[in-house]
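The listed protein sequences correspond, in order, to chains A and B. Read in the numbering used here, the first sequence has 161 at position 161, and its numbers run on one by one without any break. Plus 289 on top of the position in the second sequence (first one is 1) and you've got the numbering used here.
No wet-lab data here; the hints were simulated from the structure. Take these hints with a grain of salt, some might be off.
[Claimed, not checked] Straight-line C-alpha distance at most 25 angstroms; calculated PhoX-like pairs for lysine-lysine:
| # | chain 1 | residue 1 | chain 2 | residue 2 |
| --- | --- | --- | --- | --- |
| 1 | A | K26 | A | K222 |
| 2 | B | K315 | A | K160 |
| 3 | B | K315 | A | K26 |
| 4 | A | K12 | A | K160 |
[Stated by the list, open to error] With beta-carbon atoms standing in for the labels, derived distance ranges:
| # | chain 1 | residue 1 | chain 2 | residue 2 | range |
| --- | --- | --- | --- | --- | --- |
| 5 | B | K535 | A | D89 | 49 to 57 angstroms |
| 6 | A | A5 | B | P552 | 50 to 58 angstroms |
| 7 | A | P263 | B | A349 | 45 to 53 angstroms |
| 8 | B | A349 | A | G102 | 51 to 59 angstroms |
| 9 | B | A329 | A | T280 | 53 to 61 angstroms |
Here the structure is a predicted model, which is why all the values come from computation and not from measurement. Virtual Cβ for every residue (Gly too), placed ideally from N, Cα, C.
Protein chains: 2
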Amino acid sequence: MGLSARIDAAVKGAIASGQSGRPPQKLASALEYAVTPGGARIRPTILMSVAMACGDDQPALSDAAAAALELIHCASLVHDDMPCFDNADMRRGKLSVHRAYGEALALLTGDSLIVLAFERLAHGASVDPMRAASLVLTLARRTGMPGGICAGQGWESEAKIDLSAYHQAKTGALFVAATQMGAIAAGQDPEPWEELGARIGEAFQVADDLRDALYDEVTLGKPAGQDELLGRPNAVAELGVQGATKRLKDILGGAIASIPSCPGEAALANMVRAQAERLTPVAPTHQRS
Amino acid sequence: MGLSARIDAAVKGAIASGQSGRPPQKLASALEYAVTPGGARIRPTILMSVAMACGDDQPALSDAAAAALELIHCASLVHDDMPCFDNADMRRGKLSVHRAYGEALALLTGDSLIVLAFERLAHGASVDPMRAASLVLTLARRTGMPGGICAGQGWESEAKIDLSAYHQAKTGALFVAATQMGAIAAGQDPEPWEELGARIGEAFQVADDLRDALYDEVTLGKPAGQDELLGRPNAVAELGVQGATKRLKDILGGAIASIPSCPGEAALANMVRAQAERLTPVAPTHQRS
């Protein structure tokens, strides 16, 4: 099974477990809606790539970790799209969850996906309880307060933003979770893997800022120009398009250089290069003034 | 330290860990606001009582479990109070979180409390990884989909409600979590403890229906008469006040009879009786027609 098919199967399995028995049907359906279509699945791809570079000796744990991380990411998208945050009507080229199912079910969908993520990891205890608990701890730290993606969103309500803490939490956290959870799933110490995740996170943030500034809504599959519109800090406002593009390349070079020594080091470097090409914006379909 | 002080210390410790370092200040403050004042802390009290009845050989795990369960309960109150659900202005005699901090921070507060709950349990792996993972699994199953409190809320969006599944999920789930997590924290098999939790949950639901029908907003510390107003199914509509009061007593008798044989069986029965007295509504201050 290819990496992408393996991740899809892991995410589908997790959603199916959340829909089992006699669930309330609309919420059960919304769980699936929120995780499809898959998009790039970039976080679980990084996680799986690190696990494989480290030997992937317990594939069931890597599968659970990849699914859990993607569920948390999708939960954050569902909640971030809600009217009290971005008020986004579209996501991945279709109606956002709160537009398709209403706000109450969108709120519950996000909550349920968060919980399901930790449930999947806990099931891994039948394989290795220490690794399972370590996966829960790492994912929780990168999701909640004081340093996870919830904290990142929380910074947007402050009068004075700590920009470094903001970016690390809002975008970086789940990429650090990706590299560290990949290492943990394969029985390795997560600490040396933090830098790779942090650098990929920085690169992703800059790439996202570039896309938000350069692309239109149809290309993005979500509203464009939101950073400028909402006055959010971003790399394009700070460095211009050319400066931000150069910074993106520098960061990715540093990411590749930071990969710890491991059996699959070369393949992992190739994966980061492939993600880099995917990330870098190309000729915009419609450049806004 | 008394039980109530021990639970308070565990909850405070959990919140402090979510506020450590350089967090966004408003969200950090909202976490604390959402769990204070403590109210009856009935779920962690049951959890601790079961753990102590089973010997409480790893108090750090019982503390983590009690805190985690209370955080999940408080998260559900924060989200349920939001405009897309109950739109409640008041909770525990003060402004609800979304009224005090705004909707965006209320949403993030609930999310952060959920994540913090699982993080606390995962820390328990340093004591016993298998028990820690089992606590995560049990709490997740009783919180999310398809059978936890999220599912319970989800039923309220269905045209046709499965009443038994609805009550089990909406109110029963966290009481089952309480008894089972207490057993797990003390190294016991959780299965025989399910019935006690389920029966306490039923009793609590009937008592809550009685209070909603009999008490005014000042006494409740939240809006009264919501079940009738929102056409929600409830025991008073079904059985009348007298019938519901009798049913409450019968259920509590069954709960005490279901306590599994354990070293602290008698003390636990006394705790259930004490909770029963606390639950049963007394002379209403203002009976609505």
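Hints, verified against the model:
Taken as a hint, the K26 (chain A) and K222 (chain A) pair is honoured in the structure, with Cα atoms around 24 angstroms apart against an allowance of 25 angstroms. The suggested pairing of K315 (chain B) with K160 (chain A) holds, with an alpha-carbon distance near 11 angstroms, which does not exceed 25 angstroms. Taken as a hint, the K315 (chain B) and K26 (chain A) pair is broken in the structure, with Cα atoms around 34 angstroms apart against an allowance of 25 angstroms. Proposed proximity of K12 (chain A) and K160 (chain A) is contradicted: the alpha carbons are some 41 angstroms apart, above 25 angstroms.
In this structure the hint that K535 (chain B) and D89 (chain A) lie 49 to 57 angstroms apart at CB holds, the actual value being about 51 angstroms. For A5 (chain A) and P552 (chain B), the Cβ-Cβ distance of about 52 angstroms falls inside the hinted range of 50 to 58 angstroms, so the restraint holds. Look at P263 (chain A) against A349 (chain B): about 37 angstroms separates their beta carbons, and that is not inside 45 to 53 angstroms. Separated by about 42 angstroms at the C-beta atoms, A349 (chain B) and G102 (chain A) break the suggested range of 51 to 59 angstroms.
A C-beta distance of roughly 56 angstroms is found between A329 (chain B) and T280 (chain A), which places it inside the suggested range of 53 to 61 angstroms.
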